[in-house]
Every structure is written in structure tokens, then in C-alpha cells.
Amino acid sequence: MQAATPSAGALRRRALGRLSLIGCLLVVIVIDLPVPGFNLLAMVGVLAAVAATAVWDRWQRTTLSGAVVRTEELTLLSRHGEAWDAAWDGLPICRSSPVGRESWTRLCLAMVRCALWAGQYELVEVLTDAVLEHLRPEHPLGAYCRLQRSIAASLDGRPGVAEDELVPIRGMVQRNGPPGARAGLLVAELAQCYASNQPQRACEHAVDLDRQLAPIGRDAGLGHLLAAWAMAHTAQRDRAQRAWRDATLLLGEGACRSILDPGLDALEQHHD
Amino acid sequence: MTERLPSAGALEADPLGRYDGQRLRRELGSLSLMWLTLFTALVVGLMLSSGAAGMVILGLALVFWLWANFSTIRADAYLREAAGALSVDDPQATLSALSLALRTFTIRRASKLLAYQQLSVVRYRQGRFAEASGLCWALLATLRRRLPMRGRIWLVEAECRLQLGDLAGTHRALCEAHAHRLHLSETLHLLAVQTAYESACGQDARLLSNLDAKVALVRMMSPGDGSAVLVHFSMAATRRGLTDTATDLYRHAELLGAVQAATHNSS
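Residue numbers (my numbering), protein chains in the order written: chain E, 1 to 272; chain P, 273 to 539.
Don't take each hint at face value.
Claimed, not checked - Derived Cβ-Cβ restraints for the label pairs, each shown as a range: (1) E:A48 x P:R352: 27 to 33 Å; (2) P:A349 x E:G171: 31 to 37 Å; (3) E:A52 x P:R352: 23 to 29 Å; (4) P:R478 x E:L135: 20 to 26 Å; (5) E:D129 x P:L320: 55 to 61 Å; (6) P:S304 x E:E138: 42 to 48 Å.
Unchecked claim - Examples of chain E residues lying across from chain P (beta carbon under 8 Å, computed): (7) L76; (8) D210; (9) G217.
If you're looking for bench data, these hints aren't it; they were derived computationally from the structure.
Nothing here was measured: the structure is a model prediction, and the numbers come from that model.
From the three backbone atoms N, C-alpha and C, an ideal C-beta is built for every residue, glycine too.
Using the sequences and the accompanying hints, generate a full structural model.
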């Protein structure tokens, strides 16, 4: 991942390349002044070089934006394997593109999503590490990355690690975080209860879930699913069924079953 | 979709008042003239390049070219900023970034067109549908027939026509949008507009046809748009007596939030 990051050095080299091209053009003009007869060819050569650079830039820009859009669309369609491949196609171009940093972040975040839904929780940590390294501490994406890391750690059965991820952002998100971040925090806390097998505590968190989770749209399905697990384990049959139905409405039944495979026994007993 | 409208204060502070379709045509004309002048200067400079006059002309052209390129890069950065603000629905940030993008000189025709396309979306969200529609027509008149950007503009035009109560115009714009190859996000947008149109026409059978596939697409939409579409489906199901389906769809819409606004818009 690090190799694909457009480092400050790469951007400096790129700027130097451009400056040297401009320098060459100026030198050719100055040298050509007293030499009639040769200047036309030299000028045309340099202009051709400038045009080639512009075409190369444009090609890179188009290819990169195509790769980013394709990755994000495939992620949205839950075709995670293909999305992953498309992201790998785009990452090397980020090194030299003028919009590389922004595209690189978008590709990484799409990969984080793929890895999370495909159950590759260690990859989530590696990818979010790479993104966090290049963000300012107060950047809103920082909180988003930490929430994803916490959810991944919980679903991977490591509640301690999940808590460590939440500690630095919990206060800030609760005090003045946007509704989406607050909803994400609630899902992360429910996932932590699931990992540490504390259904009672999860039920305490799962109050007024509809309103609290609405800002994150489809992703709220995970929150409803974890609430269903907690309610099934605390013998709240009706509420568990309602939460399961809400989760399947948002995510689809297949996705719900793949996420909460081990926790399904209690839910199915209630269904029967 | 009126929940996106900014406050009255935001409208008063609108710095984009003087940009409309006529201005777009004038600006594109000036841009073509600028390219022609630059090309002529290059040819004349090369022809006279053995003398000092030719070198001066080439030097001036080069300086102008460098300045124009730097300015274009700045304009493109403002455009990216405006697109980001537009996607997170921040009207003030969108207006200020777009105003800077429109004021900054650019040599790229595509940047100019993109700025005006974003302006049409801003006008739509401000509830100034006639202005947005005017901008769409000005853009469509200047774009080549097969350019993918046309699909996006037809979608905005369809939304404007729908809000203005012109169902025939909406139908035409939707047909034109269908004729283009759209990205997934644009396809989702098309589904949202088409659902609102079919609901306005009372075409319940069409609304409820292929419902599972449509609901799968709704799961990919933003919560606000998804909620509005589901409310239309739910109302159509109620009218056709499919009570269970209607209850499920309404509950799904509730989970995505903003049901009151969506219900208000669809009624």
C-alpha cells in the first residue's frame, strides 16, 4: 500500500520535471535567437514535447477517474472481488497523477468497505492504517476510519482492540460529531457488545435505534442486526423479530446471515 | 426532494446571480476566440522566428499559456471543491467554491461546461427550477450529441420539468436520459426521478413492476432519495390493495429516515 502512495517526494519530482521542461523551452528560445534557420525545428520539437506531456496527463487523469468510479460502483453492487481488482489497477496511477492523493484515499476507502463485508478484518486494519497516516488529525475521515477499525476488530472477536480504537474519538463524536458519525459510533458499540458477548449491555445501547441509525442508510442494517442478536439473547422475542426484519429490509437476508453466522442460532430459535 | 432547499439567508447571499445560459454562450465564444488568437500568435511567431519580433510574440504566447494553465488548475481545484460540497449537501460551501470556479479564468472548455452543469444542480436545489432548466438547455445546445455528460444534464432537466408540473417535458427528458450510457450513481438518480414521474402520472402497475430489482437498487441510494422512492412504491402498493408489501416498503422508508418530507413531496 505504501508504495502506491503519491509521496511528497514524487510530487516534488513531478514539479521539477515540469519546471525543467519549461526551462528547456526558454533555453531553446534564447539559444535560437542568433541562429536563423534552426529555430523553427527546435521550437516545434519543444512544443511537441509540451503537447505529449499534456496528452499523457490527460490519459492518466481519465484512466484514474475511470478506475475510481468503477471501484466505487462495484463496491456498491457488493461485487467485492472485482472491486478489489479495479482498485489495484488504479493504485499505481495515483503515484504520478495530480489528483492522485484524493483518488488514492477514495480507492483505499472502497477497499476498506470490500474487506469489511468480505470478512477480511486484518486487511481493514492495514488499509485504514495507510489512510490514517496521510490524514490531518482533525480530518473527519479519521473518525470514520477508526470506527471501521473498531467494527472490524469486534467482528473478528477482539473487543479490547475495538475499545482502544474508540477511546480517542468517543468524546469528540458524542459531543459535536455529525449524525452519521454518531450512528457509526452506536454500531461500533453494539459490535463491541457482540464481540464481548454482553447482550444486556447491547440492549441498553439499542434505544430509539430507527432515529439514531437513519443517517447512515443501508449501513444501519448492521446495527439492527446486532440489536436483533442482543434481544434474542435476552429473551425479547418480539423486539428481536422486529429488529431482524429491519436488518433484512436494509441489507437483504443473505448479507445478514453471512455477517452474523455464529450468532444466528438464538435468532432462528425465536423465528421457529 | 425539497428537503434539500437552503435557507433564505443562503439564497440572499447568492454570489452567482449573473451567470445564466446567455453568459455561458458568450464565455464559450470568448474561449474559442482566445484559442484562435493563441494559434495565430503561434503560427505568426514561428514564421517570424528568425527575427526579434517573432521571438517576442512566441515569448508572450508562452507567458500567457503558462498563466492560463496555472489559472485553469486553480479553477479545476475550485470545481472539485464545489463537487465535494455538493455531494455532502453544503449549500454555502458549494456557492462560494462554485463562484470562485466561475470567476477564475480557464482555457478548458470542459471545465467551463462542468461549472455551469454544477450551477444548474445548485439552482435546482435552491428551488429555482426555471433557471436550472434554462441552464440545462444552454448546456445541451453546446454539447456534442454523444458526450456522456448529456445524460446527467437530461436528468436535472427531467427533475426541473417534474417540479414545474410539465409531465410531457419530464417524459421527453427521461427518454433522452435513457438513451445515454449512465454511471451507477446516475442510474440510481434516473430511478428516483422516473419513480416520482410515474407516481405523478398514477402509473401504479409500472411503479410496482420488477419491484425486487428496484428495491435492490434503492439499497444503494442515499438515505433521503431511497426513502422518497420507497414512499412512492408504498403508496402505489396501498392503492392496489397490497397491504403487506406496502407496510414493508413504508417500514423500509422509515428506517432510512426523512419519511415525512418524502411523503409530503409525493402527495
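Hint check:
| no. | hint | result |
| --- | --- | --- |
| 1 | E:A48 x P:R352: 27 to 33 Å | holds, 30 Å |
| 2 | P:A349 x E:G171: 31 to 37 Å | holds, 34 Å |
| 3 | E:A52 x P:R352: 23 to 29 Å | holds, 25 Å |
| 4 | P:R478 x E:L135: 20 to 26 Å | violated, 46 Å |
| 5 | E:D129 x P:L320: 55 to 61 Å | holds, 59 Å |
| 6 | P:S304 x E:E138: 42 to 48 Å | holds, 45 Å |
| 7 | L76 | holds, 5 Å |
| 8 | D210 | holds, 6 Å |
| 9 | G217 | holds, 4 Å |
Hint check: a violation occurs at hint 4 only; the rest are consistent with the structure.
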